[in-house]
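If you want the building blocks of each chain, they are given just below.
There are 2 protein chains.
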Amino acid sequence: MLKIYDLDTARQTILRRIPPQLSTYPSAVLESTERIFGPGTTPPHSVATILASIREEGDAALKRWSQTLDKVHLDVFNVPTEELAAAYNSLPDSLSQALNASASRVRAFHECQPIPSWETQALGGILGQRFTPIEHVGVYVPGGTAPLPSSLLMSVIPAQVAGVRQIAVCTPPNPNPLILAAARLCNVDRVYQIGGAQAIGAMAFGTQTIPQVDKIVGAGNLFVTLAKQQVYGIVGLDGLAGPTETMVIADEDANPQWVAADLLAQAEHDILAKAILLTPDDSLARRVQVAVAQQVENLSRADIIAQSLPQLGGIILTPDLKSAAAIANEYAPEHLCLSVAQPWNLAQEIKNAGGIFYGENSFEVLGDYIAGPSHVMPTGGTARFASPLNVLDFVKLSSIIALDKSTTENLSPIAAQIAQAEMLTAHAAAAEIREA
Amino acid sequence: MLKIYDLDTARQTILRRIPPQLSTYPSAVLESTERIFGPGTTPPHSVATILASIREEGDAALKRWSQTLDKVHLDVFNVPTEELAAAYNSLPDSLSQALNASASRVRAFHECQPIPSWETQALGGILGQRFTPIEHVGVYVPGGTAPLPSSLLMSVIPAQVAGVRQIAVCTPPNPNPLILAAARLCNVDRVYQIGGAQAIGAMAFGTQTIPQVDKIVGAGNLFVTLAKQQVYGIVGLDGLAGPTETMVIADEDANPQWVAADLLAQAEHDILAKAILLTPDDSLARRVQVAVAQQVENLSRADIIAQSLPQLGGIILTPDLKSAAAIANEYAPEHLCLSVAQPWNLAQEIKNAGGIFYGENSFEVLGDYIAGPSHVMPTGGTARFASPLNVLDFVKLSSIIALDKSTTENLSPIAAQIAQAEMLTAHAAAAEIREA
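So the protein lines, in turn, are chains F and L. Residues in the first sequence are numbered from 718 upward in steps of one, following this note's numbering. Residues in the second sequence are numbered from 718 upward in steps of one, following this note's numbering.
Just so you know, these hints were derived from the structure itself, not from any lab. Where hints are given, some of them may not hold.
A pair counts as met if it fits within one copy or between any two copies, since identical chains are not told apart.
Unchecked claim - Derived lysine to any residue pairs resembling SDA-like cross-links, with alpha carbons at most 25 Å apart:
id, residue 1, residue 2
1, Lys1122, Asp970
2, Lys1039, Ser834
3, Lys1068, Pro831
4, Lys1068, Cys829
5, Lys720, Phe754
6, Lys1122, Ala1058
7, Lys1039, Phe848
All figures in this text were calculated on a predicted structure; none of them were measured in a lab.
Whole structure, please, built from the sequences with the hints as guidance.
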């Protein structure tokens, strides 16, 4: 089920990255899009249609799309707070404790993150940067085959720690009670049962009942992602999420059963999930292969794994650990697990990864639920430039310019000089009028 | 030239914001797009065509578009380093000194900005966030009627301070010598004379001669902005820039001549630039009105001002300073100038603004050139969620998860519990196998 690749073959197959925007759409998606929106309509066009209608008609369009796309008639979108409380109160005690433990560690972790406002008087007067919370944030929480209350915690809590005052959650109709319970646990009381592109449109433009937000975070399906791209710049975004992925670097000391379990956990997410092992140890590679084949038998989502793991996952034999690290930097995985004897040494080599898991004790599933950092991490190689969701995603800075009089007098002629060179004479005049 | 509005009228006119993506295209733009790309082609479609051709054909497509769109035949895109040096050496001494003074203050300012990596041992083992520089950054510097070497300094220097090793600059063909000189001053030696959407495509996808980058920053015209939106997620972006804007809040102590000069400096940028004064003082409003009419007579870009200022600018009478601050927060201006007696008090009320200029000594033009913070600031109301360009735009963080053994033992059952609730049994198994 898990093939072993040499590096050259791997580069031409499982290590190749094609950004979602440049991928072809699955034929089932194309067909259903054309069926609903008419012949020749592509997914981005259908999303543009949805967004435009929401901007123009608001709630009426939301109701229509919920009927057409989700087959649900909705009179109200808001989930009553009593329903949130009921969902929370119905949790088995052990699960309630587990979710609360998760929420407190995630909160404690993000409360450690510095919000680095600063000022200096070294440049004449006072200059600096002042961070303030974003006021309105929308969180999208997908439904789907495995609804994830953990994703709600991992998105909402960093926003709350940042000081965001207004948080709205959108999740598809007939929401899973666990998601409602998680909302209640975080004291979020504005939960709307709207899914897909229409949810993104509602939060970006606002409707009669759904508040307009300043920034939208959270992963979703293809249509959610396309909608996010189309509203980029109208609202802020956390990024565009693709399928989840884990890369494991292991040496001869790694426990093959544990490595196999970590790869399988990744592969069960969906049929596009990617689980890749890099190791210089041929013997470990073969033992992991065997362990995967054994363990998968007992797993409820073996059918999903049977699609994702053989096609998108694999074991890559590398000359040494250093070259494995170099491959990881090129690939820029969402999760990078260093299942090696000396993880801190190897981590020195790592530049591009969303989350770095040091040693086999820090296995990836702990990061999904309870370690502390948000599990919303950059996918698809975007860790080259993007970060896991964190407190800084929910603040923005203002530059502070408060020069003293003598500094202004010194700098004004310099500003005028450059303005003249740029042929902006009104700029120069604004400087010169101060000198007069 | 500068109308006085009451608040209600202003809300329906100059304070209304329409995101660029939702605006209609000027008819001249639509006509030239159809002329080049065929009937019915909209600007976004033309941009998609350009991007796809560059992704498929690389340099050949770049040459073709430079010929078609810029009427320039290019054999090589790279501006030779000798040409950069020559441009720098040809600067008049006073201008060279001014640009160097600007560069050193911008560098000194950004060197003060903390890069807030951190670790904690309070949650069992070591958890934290580690910031690393982005490796490859592309900077777009527009040409146009007033080429801005200052924009190059204001984009490149924060990236250099962040530790970015590879910086490429794209600027339209036959680049202005001042832009080349600024590149040389910053020790950037990879400058390409490629403009428009094709420059964004070249940097996003890479070509035979132009390196692929991880993140693109810098403002440009409509086509640059559309191209940035289309490659969002393939590369990181600083945001989508719209027309520049300044909001001034002034009280009775403000100097009407200075306020007028600041508004005119803003209005000369382009015909879409916005310069708005908020004041509770009717007498100041009228004196600023007069001063603007007088000062504009001497300005070389009076024709641009004559279009931008009467239509998009204006003076708004507010009940008091506090309500002026509230309007500023709603509007979220790129630049906010507090030309009041007590700017530090008023600044307490401000949440949404790119740059805040405290008092009349800290006038906006100083921020354009020499104060220290980057003059690349969020426009169009995006200051609700976005920041001026700063060092954090050029780094990304990795979450560090290095739990100790006893913490792992404590947390594993909790992770398994939540995984079971989410019906992710391979996740649960990866936790349970550690307990065995």
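Here is how each hint holds up against the structure:
1. Lys1122 - Asp970: between (65 Å within a copy, 16 Å between copies)
2. Lys1039 - Ser834: Between copies only: 24 Å across chains, 37 Å inside a chain, cut-off 25 Å.
3. Lys1068 - Pro831: both (21 Å within a copy, 19 Å between copies)
4. Lys1068 - Cys829: Close inside one copy (22 Å) and across copies (23 Å); limit 25 Å.
5. Lys720 - Phe754: neither (41 Å within a copy, 47 Å between copies)
6. Lys1122 - Ala1058: Answer is between: at 14 Å across copies they meet the 25 Å cutoff, but 60 Å inside does not.
7. Lys1039 - Phe848: between (39 Å within a copy, 21 Å between copies)
Figure legend: structure checked against the earlier numbered hints; the only hint not met is number 5.
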